[in-house]
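2 protein chains.
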Amino acid sequence: MNQCKTFFMIGAGNVAWHLSQALKKANYIPIGVYSRHKTKAEALAEVLNCRAFDSLDNIIESANLFFISVKDDAIADVFEKIRIHAKHSLIVHTAGSVSIDIFKDKTDNYGVLYPLQSFSIKRKLDFSNVPLFVEGNNAETTSLLLNVAENISRHKATILDSEHRKKMHLAAVFASNFTNHCYACAKQLLNESGVSFDAMLPLIDETCRKTHDLSPEEAQTGPAVRYDKNVMAMQESMLQGAKLDIYRCMSRSIHETAIKIEDKNDKLRFEQNQSTRI
Amino acid sequence: MNQCKTFFMIGAGNVAWHLSQALKKANYIPIGVYSRHKTKAEALAEVLNCRAFDSLDNIIESANLFFISVKDDAIADVFEKIRIHAKHSLIVHTAGSVSIDIFKDKTDNYGVLYPLQSFSIKRKLDFSNVPLFVEGNNAETTSLLLNVAENISRHKATILDSEHRKKMHLAAVFASNFTNHCYACAKQLLNESGVSFDAMLPLIDETCRKTHDLSPEEAQTGPAVRYDKNVMAMQESMLQGAKLDIYRCMSRSIHETAIKIEDKNDKLRFEQNQSTRI
Numbered sequence: 002m003n004q005c006k007t008f009f010m011i012g013a014g015n016v017a018w019h020l021s022q023a024l025k026k027a028n029y030i031p032i033g034v035y036s037r038h039k040t041k042a043e044a045l046a047e048v049l050n051c052r053a054f055d056s057l058d059n060i061i062e063s064a065n066l067f068f069i070s071v072k073d074d075a076i077a078d079v080f081e082k083i084r085i086h087a088k089h090s091l092i093v094h095t096a097g098s099v100s101i102d103i104f105k106d107k108t109d110n111y112g113v114l115y116p117l118q119s120f121s122i123k124r125k126l127d128f129s130n131v132p133l134f135v136e137g138n139n140a141e142t143t144s145l146l147l148n149v150a151e152n153i154s155r156h157k158a159t160i161l162d163s164e165h166r167k168k169m170h171l172a173a174v175f176a177s178n179f180t181n182h183c184y185a186c187a188k189q190l191l192n193e194s195g196v197s198f199d200a201m202l203p204l205i206d207e208t209c210r211k212t213h214d215l216s217p218e219e220a221q222t223g224p225a226v227r228y229d230k231n232v233m234a235m236q237e238s239m240l241q242g243a244k245l246d247i248y249r250c251m252s253r254s255i256h257e258t259a260i261k262i263e264d265k266n267d268k269l270r271f272e273q274n275q276s277t278r279i
Numbered sequence: 002m003n004q005c006k007t008f009f010m011i012g013a014g015n016v017a018w019h020l021s022q023a024l025k026k027a028n029y030i031p032i033g034v035y036s037r038h039k040t041k042a043e044a045l046a047e048v049l050n051c052r053a054f055d056s057l058d059n060i061i062e063s064a065n066l067f068f069i070s071v072k073d074d075a076i077a078d079v080f081e082k083i084r085i086h087a088k089h090s091l092i093v094h095t096a097g098s099v100s101i102d103i104f105k106d107k108t109d110n111y112g113v114l115y116p117l118q119s120f121s122i123k124r125k126l127d128f129s130n131v132p133l134f135v136e137g138n139n140a141e142t143t144s145l146l147l148n149v150a151e152n153i154s155r156h157k158a159t160i161l162d163s164e165h166r167k168k169m170h171l172a173a174v175f176a177s178n179f180t181n182h183c184y185a186c187a188k189q190l191l192n193e194s195g196v197s198f199d200a201m202l203p204l205i206d207e208t209c210r211k212t213h214d215l216s217p218e219e220a221q222t223g224p225a226v227r228y229d230k231n232v233m234a235m236q237e238s239m240l241q242g243a244k245l246d247i248y249r250c251m252s253r254s255i256h257e258t259a260i261k262i263e264d265k266n267d268k269l270r271f272e273q274n275q276s277t278r279i
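Heads up: the sequence lines are chains G and W, in that order.
Take the working numbering: the final residue in the first sequence is number 279, and no numbers are missing along the way.
Take the working numbering: the final residue in the second sequence is number 279, and no numbers are missing along the way.
Same shape as in the complex, but just chain G (with noise of 0.2 Å):
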C-alpha cells in the first residue's frame, strides 16, 4: 500500500479520460482500461499504452489504485466485480455526489479522488490547473490520496467529506452546468436577432473575468438588480415555456440577493452609526 505507483481505470469517460492520462504523466503506471463501450476503452488504452477491456469479468490484473470512474449509478455494480482483484489495492471513485461509504464494510481501504472541473473527451485540458478534493476511509489511505492529488496537480489537495463534497458538487452545477445552458438560451434568442453567437463571446469572456476580481453580488448588472420593471416586463413578453420559466425565477433570485445585501449594508450603517454614538 506504501507504493501506490500502478492503477487501473474503470471507466473511459470524460473524468477517465483525462485523470488517467494526468496520472500516467505523473509516472503511474496503467495496468488497464475497461469500459462496456469496447472502443471507448479501446481508444483510451491505446493512448496510455496498456491492456483495454469491454467485460469486468475477465480482469485478472490487479493494480495499486483502481479508479472507478464511471457514471453514479454504475460505481456499486463494478465494484462488486472487481473487488476480488481489488482486495488489497486503494479502491477510488471520482463523483461528487456519492459517499466515500458506498464502498463501507466491502474493503479495507478506499477513498475519493473529486476533480472540480468539467471534462470534455474532444478538449484538450490542463489536469495540473484542477482543484482537488480527496476522502479517505482512515489516515493511511487519505495521505496516500493526497500524495496521488499532489503529483497530478499543482493546486493544493483539499480534504473534503461527502456530505460537504455533495454541497460542492451542487455548487459546480450552478457555475458550470446552469450557466453553460444560461449561453444555450442566449444562443437561441441570438438567432432569433439574425446575430451570429460569436458576437457574444466577449461578454461572456468579461462576465467570467470578473469573478477573479469581484464577487458576483458585486459585478451583478442589468434590468433585474435595478428592478427596472419596464424592462422586465417587456423582456417576459418576448419569452415563452422554460425560458420564460428561467426569466422569472432567476430575476426574482437576483432582486432578492440585491436587497439582502443592500439589508446587510443598511445594518453594517445603523451599527456603525451606533457604535459612533457611544
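If you're looking for bench data, these hints aren't it; they were derived computationally from the structure.
Be careful, since some hints might not be right.
If several chains are the same, the list does not tell them apart, and a pair holds so long as it fits within one copy or across any two.
Straight-line Cα separation of at most 27 Å, BS3-like style, residue types lysine-lysine; simulated pairs [to be verified]:
| hint | residue 1 | residue 2 |
| --- | --- | --- |
| 1 | 188 | 244 |
| 2 | 157 | 230 |
| 3 | 244 | 261 |
| 4 | 72 | 261 |
| 5 | 261 | 41 |
| 6 | 230 | 244 |
| 7 | 25 | 188 |
Based on the hints, put chain W in the right spot on chain G.
Okay, now just chain W, sitting in the frame of chain G:
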C-alpha cells in the same frame, strides 16, 4: 454633420465611463459631461479633461454628437432638456431595450449605438474588443454611426434595428446577468461547504472557454442533461426558496433542450436512411 468630432456625454455611469474614454482615445473631443450626481460628473470630466455639469439647465455648449447614456427610464426626460442645444447634432442613446423611436419627430438626426458588453467603472476594459450595434434614422446618420463605431472598436460594427436589438439585449441578460447570478448561487453553496470560491474559478474559466470551441448544447454536462433522476432528487433536497426554483426550471430546460437535439439527430439519421434507400 459631416464632421463628428466633438461630443457631449449625458451620463457618467458604467457605459458612459468607458464609451467616452474610448471616444477621446479615437480623437473625438469631449465638450462636457452631465450626471445628476455631481461627484460622478466631476470624476469623468477630470479623466476626459472637460467641463462637468450636474444640472441640464446650465448647459449652453453644443457638440456634433450628444450621447445619452443614462438609465432607460430617464432617456426621454434628459433628451427634452438638451434638445434645444442639440438640434444640429446627432443624438445617440446607448440602450439595448429602448427603441430608436423615442426620438422620432422630435429632432432631425438621431440613432443608437449599443455596446454589447457588461461595463463596471471599477474595471479596466479594452473597448476596442466591444462589438457595437448601430441604428440611424436615415442613411446619413447610420453611416456616421458606423464611422464612429469603426473608430472606437476593432469589431466590424453591425446595423441592427430596435426590435432585433431588444432580442439581442435579452440574450445578453441570459449570457451575462443570469450566468453571473449562477456564480453568486454557487458562491453561497460553497460557503455552506466551507470551500473558498477561488476553488471554483478553473471550472468557471473552462466552462466559459468552451463557448469558443463547442456549441453550448454540445458542451452541456451534469446530472440534468444525463437526466440522472437520483442525483437530481438528492440535489433538490439540499435546496430551498429561490435556488430550488432555479434548480428545477434550469434542469427541466436543460433536459428539454437535450431531447430536442436528440429528436433532431434522430430525424437527420432517419432522413439519411431514407435517402440511402432511395
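Evaluated hints:
Taking the closest pair of Cα atoms, residue 188 and residue 244 come within 27 Å of each other both inside a single copy (12 Å) and across two copies (24 Å). Within a single copy, residue 157 and residue 230 get their C-alpha atoms no closer than 46 Å, and across copies no closer than 33 Å, so neither meets the 27 Å cut-off. In this homomeric assembly, residue 244 and residue 261 come within 27 Å of each other (Cα to Cα) both inside a single copy, at 26 Å, and across copies, at 14 Å. When the C-alpha separation of residue 72 and residue 261 is checked against a cutoff of 27 Å, the pair qualifies only between copies, where the shortest distance is 23 Å, while the shortest distance within a copy is 38 Å.
In this assembly of identical chains, the alpha carbons of residue 261 and residue 41 lie at most 27 Å apart only when taken from different copies (26 Å versus 49 Å within one copy). Proximity of residue 230 and residue 244 under a CA criterion of 27 Å is satisfied in both settings, with 18 Å inside one chain copy and 22 Å between copies. Taking the shortest alpha-carbon separations for residue 25 and residue 188, neither the intra-copy value of 38 Å nor the inter-copy value of 33 Å comes in at or below 27 Å.
Consistency with the previously given hints fails for numbers 2 and 7, ordered from lowest to highest.
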